[in-house]
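Trainee: On the provided structure of chain A, position chain B as indicated by the hints.
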Amino acid sequence: MIRYGPALLSVLVSLGAIAGYLAFLRVPTVRNHPELYLVAFALATVIAAAASWRAARWPNLVALAVSAVLLVLGGYFNFVLARVPATATALKVGEPAPDFTLPDATGAPVSLASFRDRTPVVLVFYRGYW
Amino acid sequence: MLTELGDSGVQILAISPDPNERSQELAVRLRARYRFLADRDLGVTRRYGLVHVDGGHKGQDVPRPTTVVLDRRGIVRWLSLADSIQVRPDPEAVAHAVRELAP
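Keeping their order, the protein sequence lines are chains A and B. Plus 594 on top of the position in the first sequence (first one is 1) and you've got the working numbering. Plus 1 on top of the position in the second sequence (first one is 1) and you've got the working numbering.
Quick caveat, the hints were computed from the structure, so don't treat them as lab data. Where hints are given, some of them may not hold.
Some but not every residue of chain A turned toward chain B, in silico, with C-beta under 10 Å [as the list claims (entries may be wrong)]:
| id | residue |
| --- | --- |
| 1 | Gly614 |
| 2 | Phe618 |
| 3 | Asn626 |
| 4 | Leu675 |
| 5 | Thr695 |
Stretch-level coverage of chain A by chain B, calculated; a stretch enters the list once three of its residues show a Cβ under 8 Å from a Cβ in chain B [claimed, not checked]:
| id | region |
| --- | --- |
| 6 | 605-612 |
| 7 | 638-646 |
| 8 | 657-668 |
| 9 | 676-682 |
Model, not experiment: these values are computed from the prediction. Heads up, the beta-carbon is just placed ideally off N, CA and C, and yes, glycines get one too.
So here's chain B without its partners, still in its complex pose:
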């Protein structure tokens, strides 16, 4: 989790096909500053070109794990696309990318 970001004023939007209730539970359990958004039909994930076809444990489509840092103008400044479900970007690398943004 991106706890390294602390109070840097950044908004974290976590997107998955999970139903809202599950995401809510997760957010409360982690006491995270995440805002969980439900992309039930993967419409946004598909538009972003981030669908891992048949990648779920039941053979369903799931998002390709991806982390994106956007500056205040909504421009992509840093991007991490997963090649393996085992690997996540180092939170410190994400925090570094956020700190590098112009104030």
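Isolated chain A, as found in the complex:
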């Protein structure tokens, strides 16, 4: 068992990173540093690769395959799928936000101008669930 300690450690680092990321998604520092799970996958890959280099036995090779696949998939998600391209936004700090009127949850129209001189407003554009 000790012989395959590094392979076990490699898998635990990967699984721990996934579990930790998902468990603490609500914590801004975790959520906003998705590269941390990539660092963990890379570390797991290095550990498993070193173990495989010393002894090319199946537990080491399986750990290497698992961590390498996670590293590639995680990297593809983080650097490609999750990217949001820059847009030519009409918003600029120090300039007025364009007015609009949209229906609220009851269907009643709400205009941005109706809050003027009354209260600050936080606009949150979100992707929605479609």
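Mentor: Below, chain B alone, put in the same frame as chain A:
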């Protein structure tokens, strides 16, 4: 969620292409002080220059996640534009921007 804003008197307007019923459900479930506005055709989102073209999971256009703090005169005082769908502004940073506004 921006629960950090508490009772600071700020109005949060959450805008997405979701149908109203879904937004209503979300608001009730979260007991949030959000007012959910439905931008069904992304008309306002487009006018704001915040459309992530083909960004949805079915390849449809979706809003680029964005948080904007406006003062009482409707002037943009703080802005966060997402580069990644995984990242959201720290609620504490938004609350700080709101507190910085002149009373």
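Trainee: Please name the hints from earlier in the document that this structure breaks, with their numbers sorted from lowest to highest.
Mentor: 1, 2, 6, 7 and 8
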